[in-house]
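A.B. asks: 1 is the number of the first residue of the sequence shown in our numbering; add one for each residue after it.
To be clear, the hints were calculated from the coordinates, so they are not data collected in a lab.
Positions of the beta carbon are idealized from the N, C-alpha and C atoms, including for glycine.
Incorrect hints may have been included.
As the list claims (entries may be wrong) - Computed beta-carbon distance windows for the label pairs:
1. Ala32 x Ala156: 30 to 40 Å
2. Thr50 x Arg152: 36 to 46 Å
3. Met126 x Lys57: 22 to 32 Å
4. Leu105 x Pro37: 28 to 38 Å
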Amino acid sequence: MLMPSQLEEGVDTYGRLDCAHNNAGVSGAGFAPHEYPDEVWARVIAINLTGVWLCLKYELGHMLRQGGGAIVNTASAAGLVGLPNSIGYTASKHGVVGLTRSAALAYAQNNIRVNAVCPGYVDTPMLATAARPEYIAAAVANQPVGRLGSPREVAALV
Numbered sequence: 001m002l003m004p005s006q007l008e009e010g011v012d013t014y015g016r017l018d019c020a021h022n023n024a025g026v027s028g029a030g031f032a033p034h035e036y037p038d039e040v041w042a043r044v045i046a047i048n049l050t051g052v053w054l055c056l057k058y059e060l061g062h063m064l065r066q067g068g069g070a071i072v073n074t075a076s077a078a079g080l081v082g083l084p085n086s087i088g089y090t091a092s093k094h095g096v097v098g099l100t101r102s103a104a105l106a107y108a109q110n111n112i113r114v115n116a117v118c119p120g121y122v123d124t125p126m127l128a129t130a131a132r133p134e135y136i137a138a139a140v141a142n143q144p145v146g147r148l149g150s151p152r153e154v155a156a157l158v
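With the sequences and hints as input, model every part of the structure.
C.D. replies: Structure, rendered in structure tokens:
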């Protein structure tokens with residue numbers, strides 16, 4: 001997570017903060033909603049939602065002072081729909097979409113763009129450890145391109 005002192009160091013070094021990409025994600029998958037452990041919920045929300053919120057908060061302050069900028073938050077397709085047995089991840093990514101929409105409306109008049117990317121299934125270590133092979137195979141079968149996305153493809157969106 002970006003700390004205010006790290007952001008200050010970057011601005012001191014480079015002079016400005018013109019763009020930022022807030023990308024955080026842990027899955028917390030594998031539990032039915034009624035069995036979801038409180039500590040897993042707290043961890044997923046802290047990293048996926050609160051982490052993005054804190055970065056956004058400090059980035060906006062700099063961009064307001066300099067007269068503009070652009071921020072991209074990574075949410076997920078799970079932030080637009082639901083995923084079974086992944087209630088914490090789904091809730092956190094819905095939260096990122098909501099933060100993004102609210103900030104976009106609040107700061108558009110200040111020449112600050114705030115957007116989100118909502119990738120589907122991407123071939124990452126998080127997916128490999130969070131999902132059973134048959135779940136990944138089913139996800140691939142539902143992809144129009146017939147494969148998982150790649151991190152490079154998501155980066156190109158940003």
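A.B. asks: Confirm or reject each hint.
C.D. replies: Do the hints match the structure? See the list:
no.	hint	in the structure
1	Ala32 x Ala156: 30 to 40 Å	holds (36 Å)
2	Thr50 x Arg152: 36 to 46 Å	violated (28 Å)
3	Met126 x Lys57: 22 to 32 Å	holds (25 Å)
4	Leu105 x Pro37: 28 to 38 Å	holds (35 Å)
In summary, the one numbered hint that this structure violates is 2.
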